[in-house]
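> Residue numbers (the working numbering), protein chains in the order written: chain X, 1 to 326; chain D, 1 to 326; chain G, 1 to 367; chain A, 1 to 367.
Do not take every clue at face value.
Taking lysine-lysine pairs in the DSS-like style, the calculated list, with each CA pair at most 27 Å apart, reads [to be verified]:
#1 Lys270(G) with Lys3(D)
#2 Lys296(A) with Lys55(A)
#3 Lys85(A) with Lys183(A)
#4 Lys85(A) with Lys30(G)
#5 Lys4(G) with Lys296(A)
#6 Lys8(A) with Lys270(G)
#7 Lys278(G) with Lys312(G)
#8 Lys270(A) with Lys4(G)
#9 Lys4(G) with Lys26(A)
#10 Lys8(G) with Lys183(G)
#11 Lys281(D) with Lys195(D)
#12 Lys183(A) with Lys183(G)
#13 Lys47(X) with Lys3(X)
#14 Lys254(D) with Lys281(X)
#15 Lys296(A) with Lys283(A)
#16 Lys4(G) with Lys283(A)
#17 Lys8(G) with Lys8(A)
#18 Lys269(G) with Lys47(D)
#19 Lys270(A) with Lys85(A)
#20 Lys183(G) with Lys278(G)
#21 Lys270(A) with Lys3(X)
#22 Lys47(X) with Lys183(G)
#23 Lys247(G) with Lys8(G)
#24 Lys4(A) with Lys296(G)
#25 Lys283(A) with Lys26(A)
#26 Lys47(D) with Lys3(D)
#27 Lys270(A) with Lys183(G)
#28 Lys219(X) with Lys254(X)
#29 Lys270(A) with Lys296(A)
#30 Lys4(A) with Lys26(G)
Rather than coming from a laboratory, the hints here were simulated on the basis of the structure.
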Amino acid sequence: MAKLTMVQAINLALTEEMERDPGVLVLGEDVAQDGGVFRLTDGLLEKFGPGRVLDTPLAESAILGTSIGMAMAGLRPVCEMQFCGFSYLMMGQFEAHATRMRARTHGQVTLPLVIRMPYGGGVRALEHHSESREVLWAHLPGAKVVLPSGPRNARALLAAAIRDPDPVVFMEPKHSYRAFREEVPDEPEVLPIGKAQVVQSGTDVTLVSWGAMMRPTLKAAAEITGKRGVSIEVIDLLSIAPLDAQAITDSVRKTGRCVVVQEAPRSFGPSSEITALINDKAFLYLEAPVARVTGYDVVTPYFGREKHYIPSAGRVARALETTLDF
Amino acid sequence: MAKLTMVQAINLALTEEMERDPGVLVLGEDVAQDGGVFRLTDGLLEKFGPGRVLDTPLAESAILGTSIGMAMAGLRPVCEMQFCGFSYLMMGQFEAHATRMRARTHGQVTLPLVIRMPYGGGVRALEHHSESREVLWAHLPGAKVVLPSGPRNARALLAAAIRDPDPVVFMEPKHSYRAFREEVPDEPEVLPIGKAQVVQSGTDVTLVSWGAMMRPTLKAAAEITGKRGVSIEVIDLLSIAPLDAQAITDSVRKTGRCVVVQEAPRSFGPSSEITALINDKAFLYLEAPVARVTGYDVVTPYFGREKHYIPSAGRVARALETTLDF
Amino acid sequence: MPRKPVAKFTIDHLQVLDEHGVVDAKLDPKLPDERLLEMYRWMRLARELDERMLKLQRQGRLGTFPPNTGHEAVSIPVAMAMGPKDWFVGAFRETGGRLVRGEPLTSPLYYYNGWEEGNILPDPALRITPVSVVIGCQVPHAAGLAFASRYQGEDAATVCFIGDGGTSEGDFHEGLNFAAVWKAPMVCIVQNNQWAISIPRSAQTASQTMAQKAIAFGIPCVQVDGNDALAMWVAINEALDHARSGKGPYLIEAVTYRLMMHTTADDPKKYRSEAEEKCAWEKEPLIRFRAYLAGKGLWDDGKEGALIAEVKEQVDQAVRAFEAPVDWAQDTAFDHVYGTDHPHLHEQRAEFLANVRFDGGKEADHG
Amino acid sequence: MPRKPVAKFTIDHLQVLDEHGVVDAKLDPKLPDERLLEMYRWMRLARELDERMLKLQRQGRLGTFPPNTGHEAVSIPVAMAMGPKDWFVGAFRETGGRLVRGEPLTSPLYYYNGWEEGNILPDPALRITPVSVVIGCQVPHAAGLAFASRYQGEDAATVCFIGDGGTSEGDFHEGLNFAAVWKAPMVCIVQNNQWAISIPRSAQTASQTMAQKAIAFGIPCVQVDGNDALAMWVAINEALDHARSGKGPYLIEAVTYRLMMHTTADDPKKYRSEAEEKCAWEKEPLIRFRAYLAGKGLWDDGKEGALIAEVKEQVDQAVRAFEAPVDWAQDTAFDHVYGTDHPHLHEQRAEFLANVRFDGGKEADHG
Ligand SMILES: Cc1ncc(C[n+]2csc(CCOP(=O)(O)OP(=O)(O)O)c2C)c(N)n1
Ligand SMILES: Cc1ncc(C[n+]2csc(CCOP(=O)(O)OP(=O)(O)O)c2C)c(N)n1
Ligand SMILES: [Mg+2]
Ligand SMILES: [Mg+2]
């Protein structure tokens with residue numbers, strides 16, 4: 001057991017998977033010599049050489065496009081988008097090929113590849129460095145979208161993503177990269193993709209979130225538990241596509257109340273799908289409307305104003321109270 | 001009054017707007033000499049000349065990117081994506097610039113431009129020619145997404161889109177391009193963007209749809225009204241961003257029941273947002289869960305299998321009955 | 001302003017067989033007779049398939065498709081020159097090359113009739129990638145495949161096709177740049193058939209040649225008469241040698257002409273003259289190749305008649321196989337979303353099957 | 001294989017002032033003294049601003065920013081050569097040129113401290129587009145602006161900047177191709193500073209020069225010593241004439257060096273040697289320009305001292321203005337989503353304001 005930051009834990013997973021499988025390789029802008037702009041891939045070049053850790057030219061569509069070619073040939077590329085704000089340049093390759101190759105060939109050609117990208121706000125970064133747009137990938141059939149929330153699950157989910165037979169968008173909450181450490185076991189761990197975790201079980205209200213928002217979510221849960229003595233069930237989705245409908249349904253059928261916390265803008269965001277899912281599967285159990293604590297439907301302001309635009313623990317706490325009092 | 005197809009009605013709107021405003025111009029692949037692959041822009045080149053009707057090279061990102069430049073200079077470009085399946089290549093320009101320029105400059109630079117694209121299935125077309133992915137645009141703050149359902153509203157909404165101060169994604173249901181005709185007034189008409197239309201008012205259940213799905217929706221409404229003597233309110237959203245929350249809320253508060261019909265895959269689709277909205281605004285009025293009739297979460301099959309994958313009038317009718325019987 | 005030259009480039013043009021079938025003896029690759037006959041046979045077969053598909057399409061027995069008539073001398077010699085480990089990365093107008101490479105005649109029929117079954121290779125070892133409809137996307141794929149070949153220690157090259165229109169897409173540029181930086185064993189064939197639907201070559205780009213686009217990436221290139229199968233043979237062999245020897249990618253511009261409509265949904269009369277088409281038909285690849293064979297004493301009208309009968313029968317058989325009733329499941333889409341199992345897809349499949357039962361076998365009513 | 005040449009290209013290099021400030025008399029554009037002094041003044045000011053911003057950033061008084069030190073001779077002469085109707089389309093390392101064009105010194109300070117206010121021009125007629133963070137996107141914008149100038153009957157050109165790294169993006173390729181096909185009055189400056197964060201020029205592309213990328217589009221081009229303000233002056237004037245005269249776009253490769261870190265978040269020690277940096281500092285643009293001025297009897301240490309004091313004071317003033325308390329609203333984001341009014345944004349603004357009240361003025365707690 002070592003206490004690692006998320007950056008270290010992801011680096012560990014990359015190292016372990018590259019050691020395990022010679023078909024795994026890492027590519028992207030500045031990932032080799034520089035070790036990545038977050039130093040996340042530091043040391044990989046030294047360990048695995050320039051043949052497996054590739055600094056690419058500056059072109060996101062080709063980073064994914066060449067990864068698709070590599071995966072068609074049987075390799076397992078793990079490519080990086082330097083920030084998710086630049087990933088929309090490869091949406092064409094993603095929609096047309098990454099998500100469709102398996103269906104197109106009825107399974108004859110598959111694409112075991114991973115697209116890593118830091119996402120989310122709160123780090124006082126320039127424009128395009130702070131968004132949370134996971135739904136753009138999640139809506140596309142054939143896509144898997146994984147969002148770890150801490151060092152330990154980041155390491156285990158990245159291992160799963162690399163071993164997965166399908167393309168996985170792996171969105172890393174950059175706000176949590178170095179914000180805290182967690183015990184990470186010495187032995188490799190693998191978590192199933194598409195399974196949520198009940199982080200804390202409870203009976204009065206269900207609190208659902210993922211990625212960077214798990215921190216304010218848990219903080220709010222602790223605050224309201226302390227303040228009102230209620231029992232809160234907290235679910236960390238870990239992946240939003242596929243979405244673990246069972247975990248959400250089971251919980252809401254038990255608690256009858258639900259608050260969903262997302263960093264993304266509200267409209268057409270992941271919490272809308274979760275609300276719709278609860279409407280489908282637990283309608284008669286609901287004692288209050290599902291509450292959505294979300295980003296606003298505005299263009300993400302520059303970091304001078306950012307602080308009030310990211311959902312805070314306070315907002316989650318207030319939504320919990322409103323939902324409990326409904 | 002003339003009875004026009006949607007293709008003719010859209011052509012009429014383009015002609016009228018180009019006549020009205022010399023800053024309006026049309027660009028895209030094959031839009032000039034060829035008159036567009038659907039013959040939708042036929043005659044514009046002859047009327048307005050090659051300086052205002054531009055055949056571009058084959059590059060979607062630059063079609064939008066140059067349109068953004070033109071709009072910055074005060075022109076009103078109407079650009080075409082030949083099929084929405086190729087529009088993802090310009091997602092980078094759209095996300096980074098089209099939706100953000102106004103916010104970036106606090107309104108000093110604005111982008112009055114329109115992106116037209118045919119969308120949707122049912123025309124026995126090749127891969128990438130049949131999808132409905134409006135949510136990818138609608139989720140982005142700053143985007144307006146308009147989806148006409150018939151010749152008359154197509155003409156009036158396109159005029160509105162061209163006059164609008166913001167970028168508008170104008171998604172044309174290609175299945176309806178020539179499927180039917182409607183009376184279109186001689187005088188130019190303009191419909192407000194962001195306002196739904198109550199196509200038929202009723203008291204027992206609300207049926208919400210937009211674009212190509214309005215046809216099976218209305219058919220199902222007629223069938224169930226006939227069969228069960230119920231009173232069905234039908235809403236044509238016309239635009240999904242901004243979404244007319246008021247129209248949906250008012251209706252569902254009245255009827256207590258709602259069926260939403262979308263062609264897109266279910267998960268993270270527009271109907272999820274509508275369901276979440278109803279959860280927020282009309283929770284206590286609901287007598288049944290909101291029903292979603294949608295595409296499935298599968299990669300759109302080639303047209304040999306397409307017919308069963310597009311929501312049919314039968315599916316809508318069955319959802320209506322289930323919702324009424326709940 | 002006076003300047004010091006720091007780099008110089010020349011674009012060469014290669015033709016071996018002129019439009020009358022006269023061969024440049026110095027350049028003649030002197031292919032064995034049986035290879036020449038094989039080449040001609042493939043070209044005839046590809047042409048015949050197009051003609052039949054056009055008929056089927058017009059009769060409503062096939063969906064829209066892009067004919068490859070006029071392009072036979074591009075992809076066919078290329079595919080014949082390729083080795084078994086090489087990757088063939090087509091755009092969508094290389095039907096001839098795909099057949100050479102081992103795709104069954106039924107594949108384009110299924111594919112263009114809306115069945116994914118047309119993408120399933122009898123053996124994945126054929127190394128043909130599926131048609132790439134979204135223009136340009138295949139170029140980065142090819143760079144990745146070429147990289148992978150070398151990574152896997154194979155002495156193989158990747159050959160990728162794109163149209164003149166396709167060169168305008170960002171992915172063309174990005175993919176070639178990656179391949180060049182990686183010195184990946186890749187050959188890119190720009191099939192310059194003068195048109196991208198209705199956009200003429202001159203409105204697609206202001207560059208004098210398509211070949212010179214390679215200069216942007218430091219990639220060597222040549223412009224070839226793409227109606228001349230022998231010139232293509234010479235060029236592709238040189239390009240493959242270059243790529244395989246570790247020197248990086250190579251680009252060939254094959255100058256040809258799209259003799260038919262873009263796809264069966266297109267009407268070229270809207271944008272080009274019959275005179276232009278007529279002139280192009282005079283330069284088309286089969287006439288000159290046949291003249292060349294005849295000049296060598298390898299061909300005559302009798303042989304031509306027999307070959308045409310033979311390929312017709314071959315296509316007939318394929319059409320019969322294609323039109324034989326099949327019992328393919330309707331719900332296959334649910335099998336291939338993911339390689340892993342997920343409950344929501346089980347649920348939705350059940351819903352789908354119930355809806356198919358309700359709506360009946362008949363076309364669902366979309367209004 | 002023997003081939004017939006069909007096209008030939010040469011890339012020229014232009015230098016007027018060598019690294020010791022020795023001028024090539026034949027090439028000297030013979031700028032009036034006051035223009036030369038003005039040019040030097042802008043270069044000093046831009047350098048001074050960088051140095052101050054670096055200090056502010058290190059003290060936590062400014063966010064991350066990309067220094068433009070070493071690039072002064074590229075964007076400054078370009079901006080000085082431009083006319084009032086021309087469009088200045090920057091990437092993000094043209095601070096100097098932006099100031100020349102009329103952007104206040106406070107703009108970069110606000111911008112890099114996370115305030116959109118840094119993008120608001122004192123007058124939109126300045127025709128400076130905002131920083132384009134997503135690499136490459138600005139090239140199509142420039143093509144569109146250039147098209148629009150002509151459409152609107154203006155005798156104006158658009159000048160667009162991009163880095164060596166940026167040339168790998170598809171948008172660079174697509175934008176130049178559109179501009180060339182349209183013969184749009186546009187000049188593209190590739191600011192080749194040898195690095196794209198940690199990626200050296202040699203790993204970015206295999207082309208011998210950056211200039212030759214223009215050949216792909218049939219665009220004329222030249223490679224210029226980008227540390228030589230006089231060569232840049234000569235080149236941009238020729239390029240602007242070319243563009244304005246209806247001959248279409250022109251591309252200039254400006255060879256320079258990123259003397260500082262990529263941004264203040266970067267550490268160049270990870271990927272390049274101090275020896276390389278030292279060598280680059282010897283070629284930097286200000287030293288040689290100052291030597292040139294001194295050689296002409298226009299400059300001495302006294303004048304240098306006075307100028308430095310003057311620009312320092314100018315920057316001081318800007319910093320004071322920037323650091324003066326402002327009372328900008330927190331909810332401006334709601335004002336600029338759309339130019340039309342929509343109820344959901346009123347609702348959400350109310351919710352936002354309520355939340356700000358609840359959370360207090362303090363940094364919201366994101367865990
Ligand atoms: C990204 C994209 N945009 C548009 C289209 C529609 N389209 C199909 S083929 C074609 C023209 C292709 O021209 P070219 O590359 O010259 O190939 P050719 O058809 O001549 O073989 C277009 C515009 C497409 N398939 N993909
Ligand atoms: C599309 C995109 N990808 C990645 C980045 C991250 N990034 C910012 S600057 C930069 C390098 C740019 O290099 P170059 O174009 O040479 O400009 P320079 O920084 O040297 O001025 C990168 C990779 C980005 N801003 N946009
Ligand atoms: Mg073509
Ligand atoms: Mg650079």
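> Could you run down the list of hints and mark each one as holding or not?
Results of checking the hints against the structure:
For the hint pairing Lys270(G) with Lys3(D), the CA-to-CA distance comes to about 26 Å; that is within 27 Å, so the pair holds. Between the alpha carbons of Lys296(A) and Lys55(A) the distance comes to roughly 34 Å, so the proposed pair goes past 27 Å and is violated. For the proposed pair Lys85(A) and Lys183(A), the alpha carbon gap of about 18 Å is at most 27 Å, so the pair holds. The hinted pair formed by Lys85(A) and Lys30(G) fails the criterion: a straight-line CA distance of about 63 Å is larger than 27 Å.
Simply put, Lys4(G) and Lys296(A) have alpha-carbon atoms about 26 Å apart, close enough for the 27 Å limit, and the pair holds. Under the criterion of a C-alpha separation no larger than 27 Å, the hint pairing Lys8(A) with Lys270(G) is inconsistent with the structure, at around 35 Å. Taken as a hint, the Lys278(G) and Lys312(G) pair is honoured in the structure, with Cα atoms around 25 Å apart against an allowance of 27 Å. The hinted pair formed by Lys270(A) and Lys4(G) fails the criterion: a straight-line CA distance of about 35 Å is larger than 27 Å.
Distance restraint check for Lys4(G) and Lys26(A): the Cα-Cα separation of roughly 14 Å lies within the 27 Å cut-off, and the hinted pair is therefore satisfied. Restraint check for Lys8(G) and Lys183(G): satisfied, since their Cα atoms lie roughly 21 Å apart, inside the 27 Å limit. Annotation: proposed proximity of Lys281(D) to Lys195(D) holds, straight-line Cα distance about 17 Å (limit 27 Å). Restraint check for Lys183(A) and Lys183(G): the C-alpha separation of about 34 Å exceeds 27 Å, so the hint is violated.
Restraint check for Lys47(X) and Lys3(X): satisfied, since their Cα atoms lie roughly 22 Å apart, inside the 27 Å limit. With a C-alpha separation of about 24 Å, the suggested pairing of Lys254(D) with Lys281(X) holds against the 27 Å cut-off. Simply put, Lys296(A) and Lys283(A) have alpha-carbon atoms about 20 Å apart, close enough for the 27 Å limit, and the pair holds. Our distance criterion of 27 Å between C-alpha atoms is met by Lys4(G) and Lys283(A), whose separation comes to about 19 Å.
Between Lys8(G) and Lys8(A) the alpha-carbon distance is near 7 Å, which keeps this suggested pair within the 27 Å criterion. Distance restraint check for Lys269(G) and Lys47(D): the Cα-Cα separation of roughly 20 Å lies within the 27 Å cut-off, and the hinted pair is therefore satisfied. For the given pair, Lys270(A) sits about 43 Å from Lys85(A) by alpha-carbon distance, which is inconsistent with the 27 Å threshold. Pair hint Lys183(G) plus Lys278(G) does not hold up; C-alpha atoms about 42 Å apart against a cutoff of 27 Å.
Among the hinted pairs, Lys270(A) with Lys3(X) is consistent with the structure: their alpha-carbon atoms are about 26 Å apart, no more than 27 Å. The straight-line distance between the Cα atoms of Lys47(X) and Lys183(G) is roughly 23 Å, inside the 27 Å bound, and the hint therefore holds. A C-alpha spacing of about 19 Å is found between Lys247(G) and Lys8(G), which places the hinted pair at or below 27 Å, so the restraint holds. Between the alpha carbons of Lys4(A) and Lys296(G) the distance comes to roughly 26 Å, so the proposed pair stays at or under 27 Å and holds.
For the given pair, Lys283(A) sits about 22 Å from Lys26(A) by alpha-carbon distance, which is consistent with the 27 Å threshold. Our distance criterion of 27 Å between C-alpha atoms is met by Lys47(D) and Lys3(D), whose separation comes to about 22 Å. Taking the CA atoms of Lys270(A) and Lys183(G), the gap is near 25 Å; set against the 27 Å cutoff, the hint holds. For the hint pairing Lys219(X) with Lys254(X), the CA-to-CA distance comes to about 22 Å; that is within 27 Å, so the pair holds.
In summary, the hint linking Lys270(A) to Lys296(A) is not supported, as the alpha carbons are separated by about 42 Å, beyond the 27 Å threshold. Simply put, Lys4(A) and Lys26(G) have alpha-carbon atoms about 14 Å apart, close enough for the 27 Å limit, and the pair holds.
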